[in-house]
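These protein sequence lines map, in sequence, to chains A and B.
When you number the first sequence by UniProt numbering, it's gap-free, plus one each residue, and the end is 84.
When you number the second sequence by UniProt numbering, it's gap-free, plus one each residue, and the end is 92.
Each hint should be verified, as a subset may be incorrect.
Said to hold, decoys possible - Result set (DSS-like, lysine-lysine): computed pairs, CA atoms no more than 25 Å apart in a straight line: (1) A:K78 x B:K78; (2) A:K29 x A:K78; (3) A:K78 x B:K72; (4) B:K80 x A:K29; (5) B:K78 x A:K29; (6) B:K72 x A:K29; (7) B:K80 x A:K78.
Just so you know, the hints here were simulated from the structure itself, not pulled from any lab data.
Predicted model only: the values in this text are computed from it and were never measured.
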Amino acid sequence: MDLITLTMYTGYFLLILGTVGAVIGPMTKDPFKRLLNIEVPSIGVCLVFLAYNQTLALMTFLGVNAILTLILVRAILKNVELEE
Amino acid sequence: MEFLPIVAAGCCILGGIGTITHTHNINKIIMFALLESGLIGLIASFYYLDVAIVSSILEPIATLILLLGVLKYEYALKTKKKYSTEVPVLTK
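So that you can see chain A by itself, here it is in the shape it has in the complex (with noise of 0.2 Å):
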């Protein structure tokens, strides 16, 4: 196996078992441990992008889910705050 294969089996891998785990894994019914979960499936997007070259795509991904992160826990704890 080369390293191009096991570079794209890894992303799938993590894309199936984070999707998964998002949905029903252990504890969803917390917001902050679901958005945990969602982070998996963004790494193995990442993969996916580096074993098809796409170098401008990954780094567009990485920089934009940084940001992304940052706006969706600012917003669950706004949610949290505001819940009553």
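Knowing the structure of chain A, use the given hints to seat chain B on it.
Same frame as chain A, now just chain B:
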């Protein structure tokens, strides 16, 4: 085949399984940091060193945001129940 991508893929798989199966928030963030380190190792084994620079800068920022967020989230959960407007006798 070299030794770095095998170790990095093992880090990715172990980090993914650990992030899903742990239930405490801090443990999930620690396993997620392991997953990200596996991603950096795989990128470096492709010799895409510019992408490795970008991911090495951005991923600790995401981890730090998650850590500050989880502290504030657990504090908000702990202090939320005291000021409820419902009368506790009538809720049952």
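### Task
Against the structure, test the hints numbered earlier, and report the numbers of the ones violated in rising order.
Violated hints: none; all satisfied.
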